[in-house]
Amino acid sequence: MRLSKYLIPTLKEVPSDAQIISHQLMLRAGLIRKSSSGLYSYLPLGVRILNKVIQIVREEMDRSGALEVITPILVPRDFLEISGRYEIFGENMLRTIDRHQNEYALGPTHEEGVTNLFKHELQSYKDLPINLYQIHYKFRDEIRPRYGVIRTREFVMKDAYSFHIDEQSLDETYNMMSSTYRKIFNRCGLDTVPVKADSGAMGGSGSEEFMVRSEVGEETIIECSQCGYVANVEKAVCYDNFRNKDIPEQDRELIDTPNVKTIEEVSKFLNKSHMDFIKTLVYQYGENFVMVLIRGDLDVNEVKLNNALGGVEVVLPEQEEIIQKLSLPIGFLGPVDLIKEIEIIADNSIKDIVNGVSGANIKDKHYINININKDFIVSRFADLRIVKEGDQCIECKSPIRSFKGVEVGHIFKLGDKYTKAFNVNYLDEQGNSQIPIMGTYGIGVTRILAAVIEHSHDKDGIIWPLSIAPYQVIIIPINWKDDQQRTVAKELYKNLNDRNIEVLLDDRDLRPGVKFKDADLIGIPIRINIGDKSLAQQSVELKLRKESGFNLVPVKDVVDRILGAISEHLIKLQS
RNA sequence: CGGGCAGUAGCGCAGCUCGGUUAGCGCACUAGACUGGGGGUCUAGGGGUCGCAGGUUCAAAUCCUGUCUGCCCGACCA
1 MRLSKYLIPT LKEVPSDAQI ISHQLMLRAG LIRKSSSGLY SYLPLGVRIL
51 NKVIQIVREE MDRSGALEVI TPILVPRDFL EISGRYEIFG ENMLRTIDRH
101 QNEYALGPTH EEGVTNLFKH ELQSYKDLPI NLYQIHYKFR DEIRPRYGVI
151 RTREFVMKDA YSFHIDEQSL DETYNMMSST YRKIFNRCGL DTVPVKADSG
201 AMGGSGSEEF MVRSEVGEET IIECSQCGYV ANVEKAVCYD NFRNKDIPEQ
251 DRELIDTPNV KTIEEVSKFL NKSHMDFIKT LVYQYGENFV MVLIRGDLDV
301 NEVKLNNALG GVEVVLPEQE EIIQKLSLPI GFLGPVDLIK EIEIIADNSI
351 KDIVNGVSGA NIKDKHYINI NINKDFIVSR FADLRIVKEG DQCIECKSPI
401 RSFKGVEVGH IFKLGDKYTK AFNVNYLDEQ GNSQIPIMGT YGIGVTRILA
451 AVIEHSHDKD GIIWPLSIAP YQVIIIPINW KDDQQRTVAK ELYKNLNDRN
501 IEVLLDDRDL RPGVKFKDAD LIGIPIRINI GDKSLAQQSV ELKLRKESGF
551 NLVPVKDVVD RILGAISEHL IKLQS
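Numbering (the numbering used here), first residue to last: 1 to 575.
Hint data in this document are derived by calculation from the structure and do not stem from the laboratory.
Check before you lean on any hint, since a few could be wrong.
To be verified - Result set (DSSO-like, lysine-lysine): computed pairs, CA atoms no more than 30 Å apart in a straight line:
#, residue 1, residue 2
1, Lys481, Lys517
2, Lys556, Lys481
3, Lys556, Lys543
4, Lys272, Lys404
5, Lys459, Lys546
6, Lys490, Lys12
7, Lys397, Lys417
8, Lys404, Lys325
9, Lys261, Lys363
10, Lys374, Lys340
11, Lys196, Lys417
12, Lys340, Lys12
13, Lys404, Lys388
14, Lys325, Lys459
15, Lys388, Lys126
16, Lys363, Lys374
17, Lys420, Lys490
18, Lys546, Lys572
19, Lys196, Lys183
20, Lys235, Lys12
21, Lys494, Lys196
22, Lys363, Lys397
23, Lys404, Lys420
24, Lys268, Lys351
25, Lys420, Lys388
26, Lys119, Lys272
27, Lys340, Lys272
28, Lys351, Lys363
29, Lys5, Lys533
30, Lys459, Lys417
31, Lys325, Lys363
32, Lys5, Lys34
33, Lys235, Lys388
34, Lys459, Lys34
35, Lys351, Lys340
36, Lys12, Lys546
Claimed, not checked - Derived Cβ-Cβ restraints for the label pairs, each shown as a range:
#, residue 1, residue 2, range
37, Glu215, Glu13, 30 to 36 Å
38, Asn425, Asn348, 15 to 21 Å
39, Ile97, Phe269, 57 to 63 Å
Quantities reported herein were computed from a predicted structural model and do not represent experimental measurements.
Here a beta-carbon is modelled for each residue, glycine too, at the ideal position from N, C-alpha and C.
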């Protein structure tokens, strides 16, 4: 492609609404433009990169034995009601009504569509296992799209759905997907960390996320400093060595704590450790309220709380509501002397508190020396705490660290949630009707572009790995008006094209500095400079984007050298 | 949805406090000349309903009201 005929609208200045480097560079390099909130158009260069990634995903999925399908982007409301996700997704789905008043959602994911598709084709156990995938646009009406292409409303996603007769078969495909994902991300030049994750509203047992370490990541990952334990903070558990059991229980005592509300304030006021406190929170889920107890130095993990309460979304209600409906004084909550009946669920850390401190449910009063079962009853214990840096690893008790990550892939074992709901069945060897179980596997394709840029760039721009670079080579004649330079440039351009190398020829009549800056910004991995100095030696300069120096290479050898370098690099990325 | 900030040329911004010729600057763009190894120089140009609507006023980019959009923080994020 000749640059004089191409559309590469590079920007010198950073658009003011781009915060993170990948977003800035994607705009500056002319890959994308914003259409409206969370919606981006792709310019020619961006499309090429996206297609490269899609091709890698497709090749590896095909290689794994998965079969590509396409289901409609619009998902009928009926399907979502069958699976129960019409409610669960709620406002996250963009809904629309056709001329016949039928309601649809723009598919946020396609468990329903694919399950419904396959249900009619599945008859015998011999049809299983099978893994169906598709690559197309998904839409989620995110509350707050941000970080450029990392969190958009419309995005390209590869989603796959596998069907099995038993757990063992599901495990095989699950593991196959895990290794396939590793290959895909490696080929894109990404280092990913597989982490245990919450399976949340998807339902199901096992789940792993593929995270790219990045400061701009939206997920917090907990990692053991010694053993290999890694988990999303939503799911992470830790060891708790706090024990207080051998202290004798004392009688509870009501203490005046005028206008002393927070744990911080009360602990100073009473000269007590945070660990002696029974932190009391009231959550609302659906129409119900629940009182949550956790040790004063810990915080509640709302995802764990959701799961403990059966997956219903919990929210912290407005303070007025607590006062009105439960007659509880904010700032002085506690599990003792409750006026109205309310379910109490406690984090495991509460079990070991002896002679604890909590609010007295009376304004400006706290209790000290309260003890479980003697002063209050807990209906249920669960692990509800947020694991944080410095906690002890559940496996080996070593200190835990945390890092931020961008989620580029997610694999789930789903069980029979969807197959049961959609009444999918097949005949087993004995002729009995059975319900298959499912797995589901997603990759955020558009997000991969941003993730790659985040960790592969320098002050001059993007540094694409060869595997997903929009073009592999760019030829820059220093002075396009120079006959000799132009002749050599055109010849190399033709020769490389003839060898199926993707090559850009910068035939614009611009000063060399501008061309170099553009080439660096858009991140073409291999550059050929053609200037008088090198031509005097029948050579050109061969420069790699990721390296600072260059090599003088005889004109006659350039094509072979490039072919060699490209195959070498691509092989390395595939290993 | 709550809190904060912003909307003036394709991009980045000034002007607004304290209303008053023709709304500016840099980059980009067009034409020409010089130039030619890391975003060149000069000359001459084009491009604006000052987000939108209403109001105050002799007069509004500027003051007031409403509204839309975007960004940041939070809530949210299978």
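How the hints compare with the structure:
| no. | hint | result |
| --- | --- | --- |
| 1 | Lys481 with Lys517 | holds (20 Å) |
| 2 | Lys556 with Lys481 | holds (22 Å) |
| 3 | Lys556 with Lys543 | holds (16 Å) |
| 4 | Lys272 with Lys404 | violated (34 Å) |
| 5 | Lys459 with Lys546 | holds (12 Å) |
| 6 | Lys490 with Lys12 | holds (28 Å) |
| 7 | Lys397 with Lys417 | violated (36 Å) |
| 8 | Lys404 with Lys325 | violated (39 Å) |
| 9 | Lys261 with Lys363 | holds (9 Å) |
| 10 | Lys374 with Lys340 | holds (19 Å) |
| 11 | Lys196 with Lys417 | holds (21 Å) |
| 12 | Lys340 with Lys12 | violated (64 Å) |
| 13 | Lys404 with Lys388 | holds (13 Å) |
| 14 | Lys325 with Lys459 | violated (57 Å) |
| 15 | Lys388 with Lys126 | violated (48 Å) |
| 16 | Lys363 with Lys374 | holds (23 Å) |
| 17 | Lys420 with Lys490 | violated (63 Å) |
| 18 | Lys546 with Lys572 | holds (16 Å) |
| 19 | Lys196 with Lys183 | holds (19 Å) |
| 20 | Lys235 with Lys12 | violated (43 Å) |
| 21 | Lys494 with Lys196 | violated (50 Å) |
| 22 | Lys363 with Lys397 | violated (41 Å) |
| 23 | Lys404 with Lys420 | violated (37 Å) |
| 24 | Lys268 with Lys351 | holds (24 Å) |
| 25 | Lys420 with Lys388 | violated (38 Å) |
| 26 | Lys119 with Lys272 | violated (61 Å) |
| 27 | Lys340 with Lys272 | holds (29 Å) |
| 28 | Lys351 with Lys363 | holds (26 Å) |
| 29 | Lys5 with Lys533 | holds (28 Å) |
| 30 | Lys459 with Lys417 | violated (49 Å) |
| 31 | Lys325 with Lys363 | holds (16 Å) |
| 32 | Lys5 with Lys34 | holds (23 Å) |
| 33 | Lys235 with Lys388 | holds (12 Å) |
| 34 | Lys459 with Lys34 | holds (23 Å) |
| 35 | Lys351 with Lys340 | holds (23 Å) |
| 36 | Lys12 with Lys546 | holds (21 Å) |
| 37 | Glu215 with Glu13: 30 to 36 Å | violated (23 Å) |
| 38 | Asn425 with Asn348: 15 to 21 Å | violated (40 Å) |
| 39 | Ile97 with Phe269: 57 to 63 Å | holds (59 Å) |
Violated hints, in rising order: 4, 7, 8, 12, 14, 15, 17, 20, 21, 22, 23, 25, 26, 30, 37 and 38; the structure is consistent with all others.
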